[in-house]
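> Read top to bottom, the protein sequences are chains B and H. Going by this note's numbering, the first sequence opens with residue 1, and the numbers climb by one from there. Going by this note's numbering, the second sequence opens with residue 1, and the numbers climb by one from there.
Since the hints were derived computationally from the structure, they do not count as laboratory data. Hints may be right or wrong, so weigh each one.
[Stated by the list, open to error] Listing some non-contacts, in silico: residues in chain H with all C-beta distances to chain B over 12 Å:
id, residue
1, Val-84
2, Arg-115
3, Val-127
[Said to hold, decoys possible] Simulated crosslink set (SDA-like; lysine to any residue; CA at most 20 Å straight-line):
id, chain 1, residue 1, chain 2, residue 2
4, B, Lys-8, H, Val-201
5, H, Lys-25, B, Asp-168
6, H, Lys-114, H, Val-201
7, H, Lys-25, B, Gly-96
8, H, Lys-25, B, Arg-105
9, H, Lys-114, B, Leu-15
10, B, Lys-167, B, Ala-188
A virtual CB, placed ideally from N, CA and C, is assigned to each residue, including glycine.
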Amino acid sequence: MKRSGTRKIANVVALTLSVGATAVGLFFLGAILWTLLKNGLAGMSLQLFTQMTPPPGSAGGLLNAIFGSAAMTIMGIAVGAPLGVLAGTYLAEYGGNSRLAALIRFVNDVLLSAPSIIIGLFVYQIVVVPMGHFSAIAGAAALAIIAIPVTVRTTEDMLRLVPQGMKDASTALGAYPWRTTLSVIYPAARSGILTGLLLAIARVSGETAPLLFTALNSQFWSKDLNAPMANLPVDIYLFAQSPYPEWQQLAWSGALLITLTILALSIFARIVVSALQPTRRT
Amino acid sequence: MDQATVFGIESRHAARQRFGERVFKGATLTAAVLVLVLLGGVTVALLTGAWPAFAHFKLQFLTRQIWNPVTEKFGALAPIYGTVVTSLIAMAVAIPLSFGISIFLTELCPAWLKRPVGTAVELLAAVPSIIFGIWGLFVFAPVLQRHVQPWLIAHLGTLPGIGALFQGPPYGIGVLSAALVLAIMVLPFIASVMRDVFETVPDVLRESAYGLGATTWEVIWQVVLPYSRTGVVGGIMLGLGRALGETMAVTFVIGNAHRISSSVLAPGTTISATIANEFTEATGDLYNSSLIALGVLLFVITFIVISAARLMLRRLDRKALGSV
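Take these sequences, add in the hints, and give me the full structure.
Shown next, in the form of structure tokens:
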């Protein structure tokens, strides 16, 4: 055994480094938020929400991009979330430990961490190429595919938290599993499923890479789902790399909007979860 | 009501229930199988799109550095190199930091601070990658250019051997900058998996070690870490999977140059950055197909890494992992 002095020094050094590492992590979160607030707030005005994205070198807003992002996110979630909830229900209530369920769980986990740019290429191949042009529908499809694994995962986890006793009680009353699921399990897991939905929206609304080659971008107000549609992430990408100060300012404002939305959704999701399970660490 | 009627009602009710069961179970099963179909669909669609490039360049696609849209000669070596190098540097930086954060959260942190710090780390994970990109381009890269890179060139650049890594002018953007932004991005992912893994270590093991007179560090290094080794490696692999596939943050700061430089200060490119930059502008079928072929390579690499990660993390309580 080493001398106790050396051991104590090693201990203090290691623990100090650990606190230092935490400080570094928190510093970067702070630095990013600070930059966003500083640069983003400068461009916050009513104009941002009432005007279209401008041509280079003139002032404007982000109205069409905000609308496009909201529209594609809503469409993506409207398609992806119900599918995800159903699949999660299968894994929690019917799949059990079967090999099929294990395989689906594994594949879902892989899709959850798969690079989103791959999903963009996939949707390009199966939607954009056959249609012959970029469109809001393709963008929404890409977002739906990204939303599915998130909802599958959270739904299964949340349904598993419903006490077995409640399911047994329902079965004892003569209910078939589908009745039990719809009338007992879903209501009991309501806030958990809502959390999954919020996390899916948070995940989807910042996605940029898959929109680059699906929805592309548009400088104009467009409600046509069959045409390219403006959206915040791609506008941030394009405007930030441009040499025009007006565009760069819009990029910062858009970045602040997106980040605040996503952080608010994530925090709200956490609050919902902790209300659901007061004793559990979230 | 005679018995027959009662039975009639009974069986009609039961029939309805059975029908409902079939429909509902069928719907959930279909949705679940759709997850498998998605993965299959991605594989088939990408391979189909990449086929012309693979058929045309054969193995040379993997071994050549040339990337020339004009002469339609494409090789993936530079993007592959960039992807691997940025991810490795990112992991070298992120692993020790994540380890530090996770032991702070599980072994040192006072209870009242645990929740806020844990949440902050998870919020860092929620920040979209485009934000890291724009921050990296306008804030982080200039700081590196002014303060860090000149020092590296002056001090490490003159050393024999590793000096070759730190040659050339301080551009700000380049392989090293992209790797460091990646490190900050994957840090919270690895840290939260490690934290969850460490929390599965039974307290009685820690207490026994403390009872024998071990210091906190000895408990971590000799008890907690060996016990949770598989999960820790799984968390690292998960972070690596993310680093390999990360697109927007890298695209902003790597400089997008199709060449392999020995210096990490020089601009380079990665698979995902090349696709993001060039895909919408790719004219010509072979160009387009080559970019999809890059996507196939990325898909194969990340699939292997993520699968390994998930297999290692399988034993971990699924709930503990959250939606990482």
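> Measure nothing beyond the straight line between the CA atoms of Lys-8(B) and Val-201(H); if it is 20 Å or shorter, mark the hint as holding.
The given pair, whose Cα atoms are some 24 Å apart, is violated under the 20 Å limit.
> Against chain B, does Arg-115(H) keep a CB gap of more than 12 Å to every residue?
Non-interface label on Arg-115(H) violated, nearest chain B Cβ at 8 Å vs cutoff 12 Å.
> Taken at face value, is the distance from the CA of Arg-105(B) to the CA of Lys-25(H) at most 20 Å?
It holds: about 17 Å lies between the C-alpha atoms, which stays within 20 Å.
> Within 20 Å, alpha carbon to alpha carbon, are Lys-114(H) and Leu-15(B)?
The hint holds at about 16 Å.
> When you look at the beta carbon of Val-127(H), is every beta carbon of chain B farther off than 12 Å?
Contrary to the label, Val-127(H) does not stay out of reach of chain B, its closest Cβ about 6 Å off (not over 12 Å).
> Holds or violated: are the alpha carbons of Lys-167(B) and Ala-188(B) at most 20 Å from each other?
Given pair Lys-167(B), Ala-188(B) holds - Cα atoms ~10 Å apart, limit 20 Å.
> For the pair we were handed, Lys-25(H) and Asp-168(B), check the Cα-Cα distance against 20 Å.
OK: Lys-25(H) and Asp-168(B) at ~18 Å, within 20 Å.
> Mind checking the alpha carbons of Lys-114(H) and Val-201(H) for me, to see if they're no more than 20 Å apart?
holds, 17 Å
> Are all beta-carbon distances from Val-84(H) to chain B longer than 12 Å?
Nearest chain B Cβ is 15 Å from Val-84(H), so the label holds.
> Holds or violated: are the alpha carbons of Lys-25(H) and Gly-96(B) at most 20 Å from each other?
holds, 13 Å
Going through the hint list in order, the structure does not satisfy hints 2, 3 and 4.
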